[in-house]
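Engineer: Take a look at the letters that make up each chain.
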Amino acid sequence: MRVESIRLLIETKAVRNRILQQVYRRIHYGDTVFWLITLVFALVVVGMIGAILFVTLYGSAMAREQFGWGFLTNPRWYHEQDGVPIYGAWPAVYGTLASSTIAVLLAGPIGIGSGVFLAELCPPWLRMPLSVLIELLAAIPSVIFGLWGVLVLAPLFERHIAIPVSRTIGTTVPLLEGPVSKGGVMIAGMVLALMILPTIAAITRDVVAVVPNSQRELLFSLGATRWQVIWLAVLPYAFAGVIGGVMLGLGRALGETMAAVMLIGNRTTVSLSLFASGTTSAALIATQLPNREDALHESALIYLALILFAITFTVNALARLLVWRIAASTR
Amino acid sequence: MISSVKASAPRNYRQTTTINLTMQTLLVVATLLAVAPLLWITGYVLVVGGSALKLSFLTKDYEAPELATEGEVIEGFPGVEHQGFERDERDGPNLDFVARGGVLHGIVGTMIITGLALIIVVPIGLMAGVFLAEYPDTWVTVVVRFACDVLTGAPSIVVGVVAYVLLVRHLGFSALAGSLALTFLMVPTITRTTEEMLKLVPMTIRDAATALGSPLWYATFTVVLPAALPGIVTGVMLAFARGAGETAPLILTAFGNHTLSFDVFGPMHALPLIVYRFTDSPFPSEHTYAWGGAFVLTMIVLGANILVRVVTAYTQVKGR
Numbered sequence: 001m002r003v004e005s006i007r008l009l010i011e012t013k014a015v016r017n018r019i020l021q022q023v024y025r026r027i028h029y030g031d032t033v034f035w036l037i038t039l040v041f042a043l044v045v046v047g048m049i050g051a052i053l054f055v056t057l058y059g060s061a062m063a064r065e066q067f068g069w070g071f072l073t074n075p076r077w078y079h080e081q082d083g084v085p086i087y088g089a090w091p092a093v094y095g096t097l098a099s100s101t102i103a104v105l106l107a108g109p110i111g112i113g114s115g116v117f118l119a120e121l122c123p124p125w126l127r128m129p130l131s132v133l134i135e136l137l138a139a140i141p142s143v144i145f146g147l148w149g150v151l152v153l154a155p156l157f158e159r160h161i162a163i164p165v166s167r168t169i170g171t172t173v174p175l176l177e178g179p180v181s182k183g184g185v186m187i188a189g190m191v192l193a194l195m196i197l198p199t200i201a202a203i204t205r206d207v208v209a210v211v212p213n214s215q216r217e218l219l220f221s222l223g224a225t226r227w228q229v230i231w232l233a234v235l236p237y238a239f240a241g242v243i244g245g246v247m248l249g250l251g252r253a254l255g256e257t258m259a260a261v262m263l264i265g266n267r268t269t270v271s272l273s274l275f276a277s278g279t280t281s282a283a284l285i286a287t288q289l290p291n292r293e294d295a296l297h298e299s300a301l302i303y304l305a306l307i308l309f310a311i312t313f314t315v316n317a318l319a320r321l322l323v324w325r326i327a328a329s330t331r
Numbered sequence: 001m002i003s004s005v006k007a008s009a010p011r012n013y014r015q016t017t018t019i020n021l022t023m024q025t026l027l028v029v030a031t032l033l034a035v036a037p038l039l040w041i042t043g044y045v046l047v048v049g050g051s052a053l054k055l056s057f058l059t060k061d062y063e064a065p066e067l068a069t070e071g072e073v074i075e076g077f078p079g080v081e082h083q084g085f086e087r088d089e090r091d092g093p094n095l096d097f098v099a100r101g102g103v104l105h106g107i108v109g110t111m112i113i114t115g116l117a118l119i120i121v122v123p124i125g126l127m128a129g130v131f132l133a134e135y136p137d138t139w140v141t142v143v144v145r146f147a148c149d150v151l152t153g154a155p156s157i158v159v160g161v162v163a164y165v166l167l168v169r170h171l172g173f174s175a176l177a178g179s180l181a182l183t184f185l186m187v188p189t190i191t192r193t194t195e196e197m198l199k200l201v202p203m204t205i206r207d208a209a210t211a212l213g214s215p216l217w218y219a220t221f222t223v224v225l226p227a228a229l230p231g232i233v234t235g236v237m238l239a240f241a242r243g244a245g246e247t248a249p250l251i252l253t254a255f256g257n258h259t260l261s262f263d264v265f266g267p268m269h270a271l272p273l274i275v276y277r278f279t280d281s282p283f284p285s286e287h288t289y290a291w292g293g294a295f296v297l298t299m300i301v302l303g304a305n306i307l308v309r310v311v312t313a314y315t316q317v318k319g320r
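Line by line, the protein sequences are chains Z and P. So in my numbering, spot 324 of the first sequence is number 324, and the numbers just go up one at a time. So in my numbering, spot 40 of the second sequence is number 40, and the numbers just go up one at a time.
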């Protein structure tokens with residue numbers, strides 16, 4: 001019996017040795033090749049960023065040479081000086097910043113509030129469905145928000161909020177003065193707020209959920225109420241992450257095209273009133289690039305895309321840093 | 001002293017509880033404020049868009065609005081109702097026109113453009129994800145991961161501009177350029193899900209494969225990837241949903257085309273483009289196209305997302 005099993009062992013050993021030899025032959029080249037191939041594909045992803053930068057830099061060369069940094073602060077999108085066309089980005093940049101600011105001011109508190117509710121107060125049976133709902137809503141295409149905004153929200157907003165407000169408060173506050181136009185910075189900002197709400201809520205929920213329980217238990221043991229625990233222990237601990245979430249939302253609002261292009265009215269002038277129409281960088285590109293007039297016009301629009309990319313890149317990078325720091329510190 | 005503390009204690013207590021209750025209520029209100037409009041939107045799309053749906057809506061392409069025959073129902077009315085009747089009275093004759101076409105060309109276009117992008121994206125995303133998961137601690141990995149995050153946050157219009165400069169400037173508006181633009185947006189989704197899913201595969205499985213003498217690449221393709229397959233398919237579907245819903249890059253690339261087209265080198269319509277173009281159509285009846293297109297689009301996107309959740313939940317339960 002024993003001899004039998006030893007013979008079997010030797011036989012299998014021999015077979016395995018042969019297999020191992022074959023396998024080893026493959027290891028030597030195979031794994032290096034494998035590493036190289038996956039590395040190349042991974043670098044393709046990095047190369048895509050490079051492609052975006054290169055193409056926008058290359059395409060905007062003419063406009064950058066002609067207008068330089070003054071492009072950013074020139075308050076008129078298009079005018080001619082001595083027969084020479086001059087483009088300026090300020091109306092678009094202003095519209096982008098204004099609508100995104102409104103979006104963050106509206107969506108920030110509500111998003112943080114609902115994120116905290118989901119992580120801290122929500123009864124367990126409701127947590128799962130609500131979370132799934134919010135995540136599903138984050139997946140709804142932006143054009144649908146735009147459609148709903150144009151056909152449902154904008155008329156209601158115009159009739160019940162914008163016109164009454166502009167006739168009362170608007171007479172003294174220039175920010176809210178009339179006349180109310182069909183699309184405007186305010187309504188675009190409101191729809192943008194709806195679009196970034198799920199992002200802010202989901203990230204707040206996640207960063208609040210990883211706050212260690214010891215933080216809460218300490219305050220509870222001192223007799224604190226739920227709100228005091230949230231305010232004094234949970235939120236300060238999760239602060240960086242929450243701000244990171246809001247900034248990710250801001251990044252999305254800055255780069256969002258559809259809601260802006262459908263709701264902001266697409267007029268390339270700057271007006272103080274939030275009820276007047278304006279434009280954003282993304283909206284301007286989307287409306288004008290498909291029917292460009294000449295090479296300079298096209299180059300100016302690509303320059304605008306470069307600026308937009310630079311702004312969103314900065315905001316997103318800062319946001320990622322904050323969220324990463326929270327994730328790293330809890331590990 | 002002691003008496004003053006005692007006297008103030010109840011008031012303090014009351015104040016604290018009041019603040020507590022108020023703030024908790026505010027948090028609930030915030031959640032309601034967040035969920036309500038979003039439900040309002042989806043509800044609207046499902047009800048109004050659903051009402052536009054008939055067989056011909058899915059089997060026909062665009063037809064110019066025609067004068068309605070006697071007694072014919074003008075569709076798209078739910079949208080018109082909320083739009084304020086003053087406007088419709090002003091351009092009243094428009095209500096006499098009826099849209100009888102469908103969005104088949106949009107559905108086909110979305111499938112072709114997104115499908116083509118998927119063919120480019122899947123190998124790149126899959127291999128890059130394998131790299132991130134199998135060689136996690138090099139500086140290249142950090143750079144690639146950062147690049148993924150940047151791509152996720154890149155404005156879709158900028159990506160559209162890139163495809164415009166690379167292809168449209170030379171070849172004219174084409175579906176292919178649209179696919180190229182979507183590639184940029186879909187790659188990070190697949191890469192990151194693949195990475196996460198490969199990391200979920202237990203190290204013991206890899207160790208077992210290595211102990212049997214398998215090289216890393218062989219173990220990856222025969223053991224690790226099949227084990228993570230459901231998760232990876234999930235990522236591919238999420239990427240599809242992401243690509244199918246993008247509009248902005250398509251405005252600059254695929255542009256739109258009112259007839260059913262299979263030519264990837266020419267302009268092609270897509271569902272999100274249909275929604276965009278018909279939202280401010282002067283004919284209220286053509287809003288049907290927008291709502292109906294939105295309905296079909298929502299079904300595709302939400303369907304993919306829900307399916308993904310079901311699959312993940314199922315495999316997780318099975319895995320345990």
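Bear in mind the hints are in silico, worked out from the structure with no lab data behind them. Don't be surprised by glycine CBs; every beta carbon is placed ideally from N, CA and C. Keep in mind that a hint or two might mislead.
Some chain Z residues near chain P, calculated using beta-carbon distances under 8 Å [stated by the list, open to error]: (1) 111; (2) 125; (3) 218; (4) 237; (5) 296; (6) 312.
If you only want the chain P side, here are some residues facing chain Z, beta carbon under 8 Å, derived [to be verified]: (7) 17; (8) 28; (9) 30; (10) 218; (11) 262.
Engineer: Would the hint on residue 312 of chain Z stand, with a C-beta cut-off of 8 Å toward chain P?
Structural biologist: holds, 5 Å
Engineer: Checking hints one by one. Is residue 17 of chain P an interface residue toward chain Z, by the C-beta closer than 8 Å rule?
Structural biologist: Interface hint status for residue 17 of chain P: holds (7 Å vs cutoff 8 Å).
Engineer: Does the nearest C-beta of chain Z fall within a distance shorter than 8 Å of the C-beta of residue 30 of chain P?
Structural biologist: holds, 3 Å
Engineer: Holds or violated: is the Cβ of residue 111 of chain Z closer than 8 Å to a Cβ in chain P?
Structural biologist: holds, 7 Å
Engineer: Have a go at the residue 125 of chain Z hint: is there a Cβ in chain P nearer than 8 Å to its own Cβ?
Structural biologist: At 15 Å from the nearest chain P Cβ, residue 125 of chain Z fails the 8 Å test, so the hint is violated.
Engineer: Tell me if the interface restraint on residue 218 of chain Z is satisfied: Cβ within less than 8 Å of some Cβ in chain P.
Structural biologist: With a minimum Cβ separation of about 17 Å from chain P (threshold 8 Å), the hint on residue 218 of chain Z is violated.
Engineer: Can the hint on residue 296 of chain Z be confirmed by a CB-to-CB distance to chain P that is less than 8 Å?
Structural biologist: violated, 14 Å
Engineer: Identify whether the interface hint at residue 262 of chain P stands, where standing means a beta carbon of chain Z within less than 8 Å of its own.
Structural biologist: Interface hint status for residue 262 of chain P: violated (22 Å vs cutoff 8 Å).
Engineer: Have a go at the residue 28 of chain P hint: is there a Cβ in chain Z nearer than 8 Å to its own Cβ?
Structural biologist: The hint holds - residue 28 of chain P has a Cβ within 8 Å of chain Z, the shortest such distance being about 6 Å.
Engineer: Would the hint on residue 237 of chain Z be counted as holding, given a Cβ-Cβ threshold of 8 Å to chain P?
Structural biologist: violated, 17 Å
Engineer: Have a go at the residue 218 of chain P hint: is there a Cβ in chain Z nearer than 8 Å to its own Cβ?
Structural biologist: This interface hint holds because 7 Å falls under the 8 Å limit.
Hints 2, 3, 4, 5, 11, counting from the list given before, are not met by this structure.
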